[in-house]
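Since the structure of chain C is provided, determine the placement of chain R on it from the hints.
Protein chains: 2
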Amino acid sequence: MEIITAKRAGFCFGVKRAMDITVEMAKKSGMGVYTLGPIIHNPQVIEKLEKEGIHPVQEDEIEGREISALIIRTHGIPCQVYDKISAQGFRIIDATCPFVKKAQRYAKLLKENNYQVVILGDINHPEVKGLMSYAGEDVLVVDEHSGLPALKSKVGVVVQTTQPVEALKKVLSKIVDQAEEVKVYNTICNSTALRLKETEDMARKVDIMVVVGGKNSANTSQLAGLCRSLSVRTYHIETSGEIDPAWFEGTDIVGITAGASTPEWIIKDVEKRIRDIGGKSCNGN
Amino acid sequence: MEIITAKRAGFCFGVKRAMDITVEMAKKSGMGVYTLGPIIHNPQVIEKLEKEGIHPVQEDEIEGREISALIIRTHGIPCQVYDKISAQGFRIIDATCPFVKKAQRYAKLLKENNYQVVILGDINHPEVKGLMSYAGEDVLVVDEHSGLPALKSKVGVVVQTTQPVEALKKVLSKIVDQAEEVKVYNTICNSTALRLKETEDMARKVDIMVVVGGKNSANTSQLAGLCRSLSVRTYHIETSGEIDPAWFEGTDIVGITAGASTPEWIIKDVEKRIRDIGGKSCNGN
Numbered sequence: 159m160e161i162i163t164a165k166r167a168g169f170c171f172g173v174k175r176a177m178d179i180t181v182e183m184a185k186k187s188g189m190g191v192y193t194l195g196p197i198i199h200n201p202q203v204i205e206k207l208e209k210e211g212i213h214p215v216q217e218d219e220i221e222g223r224e225i226s227a228l229i230i231r232t233h234g235i236p237c238q239v240y241d242k243i244s245a246q247g248f249r250i251i252d253a254t255c256p257f258v259k260k261a262q263r264y265a266k267l268l269k270e271n272n273y274q275v276v277i278l279g280d281i282n283h284p285e286v287k288g289l290m291s292y293a294g295e296d297v298l299v300v301d302e303h304s305g306l307p308a309l310k311s312k313v314g315v316v317v318q319t320t321q322p323v324e325a326l327k328k329v330l331s332k333i334v335d336q337a338e339e340v341k342v343y344n345t346i347c348n349s350t351a352l353r354l355k356e357t358e359d360m361a362r363k364v365d366i367m368v369v370v371g372g373k374n375s376a377n378t379s380q381l382a383g384l385c386r387s388l389s390v391r392t393y394h395i396e397t398s399g400e401i402d403p404a405w406f407e408g409t410d411i412v413g414i415t416a417g418a419s420t421p422e423w424i425i426k427d428v429e430k431r432i433r434d435i436g437g438k439s440c441n442g443n
Numbered sequence: 159m160e161i162i163t164a165k166r167a168g169f170c171f172g173v174k175r176a177m178d179i180t181v182e183m184a185k186k187s188g189m190g191v192y193t194l195g196p197i198i199h200n201p202q203v204i205e206k207l208e209k210e211g212i213h214p215v216q217e218d219e220i221e222g223r224e225i226s227a228l229i230i231r232t233h234g235i236p237c238q239v240y241d242k243i244s245a246q247g248f249r250i251i252d253a254t255c256p257f258v259k260k261a262q263r264y265a266k267l268l269k270e271n272n273y274q275v276v277i278l279g280d281i282n283h284p285e286v287k288g289l290m291s292y293a294g295e296d297v298l299v300v301d302e303h304s305g306l307p308a309l310k311s312k313v314g315v316v317v318q319t320t321q322p323v324e325a326l327k328k329v330l331s332k333i334v335d336q337a338e339e340v341k342v343y344n345t346i347c348n349s350t351a352l353r354l355k356e357t358e359d360m361a362r363k364v365d366i367m368v369v370v371g372g373k374n375s376a377n378t379s380q381l382a383g384l385c386r387s388l389s390v391r392t393y394h395i396e397t398s399g400e401i402d403p404a405w406f407e408g409t410d411i412v413g414i415t416a417g418a419s420t421p422e423w424i425i426k427d428v429e430k431r432i433r434d435i436g437g438k439s440c441n442g443n
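Chains as they are written, first to last, in the numbering used here: chain C, 159 to 443; chain R, 159 to 443.
One or more hints might be untrue.
Copies of one chain are not kept apart here, so a pair can be met inside one copy or by any two copies together.
The calculated lysine-lysine pairs, modelled on BS3-like cross-linking and capped at a C-alpha distance of 30 Å, are [to be verified]:
1. Lys430 to Lys242
2. Lys430 to Lys165
3. Lys332 to Lys242
4. Lys266 to Lys328
5. Lys332 to Lys363
6. Lys242 to Lys185
Calculated directly from the structure, the hints in this document are not laboratory data.
Since this is a predicted model, take the numbers as computed values, not measurements.
Just chain C, with the same shape it has in the complex (with noise of 0.2 Å):
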């Protein structure tokens, strides 16, 4: 049995800094070292950081806590809430991925210019939530799915930057059947497309695919979607005691490929889980 690692699992950019930025803060602060809300969707990560001292805290239970550093999450935060965070006198520390404060300043830049924002996205994901702040009170957020109501005649769009870009395309179609002018942002962050793109080769390729990450993990669910919807035999987990012998009975490939929160540790320890299981790493990273 064949196993393949995708060469483009595991953390990006954002993660990655805001990871680094949070490990080395802890190491210089010690104690109060908070982050607004978990860092990344990876409850095994969040588990680790615990135990190095770094602890998610929400809005409302931020009051009467000693916080020597709060850490803002790579998805960014609603600039009502940075303005509340910020009244309260201790070091904030702004870990939002550069991308995600792209999008950010993009909404503010259409409303401010008159557009009506049409924001691309999960409207419960904290992301979204922050680029919904600063695009104005008409703002939108739609799903690839999603019918549009009546539209000004100038729409401005941004994107959440994990969607694929095949969701921005019907949307787009949508919306120039009303609007005359449209201003696109095309925030999706490049990481993201690559990622969708060398999963959805290798799913047309193997037997199985083995999508590691939080199943509170929007862009790891995505990735678990995207295999299922070409029909390969797909296993989300977040770590390798998930795995069952049986599931590789007869199979002749194995592809594994991982979230953007997805920690390499956690992606070596299953790769090495299914080798003992009597697969051979043939092209790991």
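Just chain R now, kept in the frame of chain C:
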């Protein structure tokens, strides 16, 4: 045999306006009224205007003529040509369709704001040649089937007013694969869109479609192409003289539509001819 004539068959707003301007100018000025190229793409109308003393003239045929007024047709002209003829001293009447004028202004605005301008349209159509002159040196003209070369990161789009919106959607899908910022002015004329829609609906319920208009009229040819793509038997004719009664044998319903440059008298004449063959108008305009 029932005959249905499209409500939106014939002259659009811009063509009607240009025809009115031309005829009025001929009445006022008498001799020496010229149009820069045929005023519309309809040979029968051009012939009729010739009899009223209005002659089409090409740019390189102007020199040495006694011109009292030169009329710019609905399609518009390149800005360089405008500058050249303006320098010659005779009166210029600009009958460029206001929607085409708007597209020209947008092309200029995009160029001035450092967008690479992409024009969706037919590179050989006079409207597109006019638009190109405003769009800067890196302008790209594409149709819905074009593959795209490498684009700049800022791309601006304007559309030949008679293109179908589906073509715009296809081109946009290709552009967002490359560009980081896309500004689209949907300059498709609403009258074109509604005419295409009405023709499509009609073609789905009749046995034969008769499409009336200049064989050199792009928008009329587009209507005929649309009907053929829906597998309905389609005849593109310029006048009732081309009609063969054999076409209608065993036919229950005939649909008539016409391009934006087809005058009402030609449509009425076609309708009458079919009625004489054995049809009964049931929804004429």
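Here is what the structure says about each hint:
no.: 1; hint: Lys430 to Lys242; in the structure: neither (46 Å within a copy, 76 Å between copies)
no.: 2; hint: Lys430 to Lys165; in the structure: within (16 Å within a copy, 71 Å between copies)
no.: 3; hint: Lys332 to Lys242; in the structure: neither (37 Å within a copy, 42 Å between copies)
no.: 4; hint: Lys266 to Lys328; in the structure: both (24 Å within a copy, 29 Å between copies)
no.: 5; hint: Lys332 to Lys363; in the structure: between (34 Å within a copy, 27 Å between copies)
no.: 6; hint: Lys242 to Lys185; in the structure: within (26 Å within a copy, 73 Å between copies)
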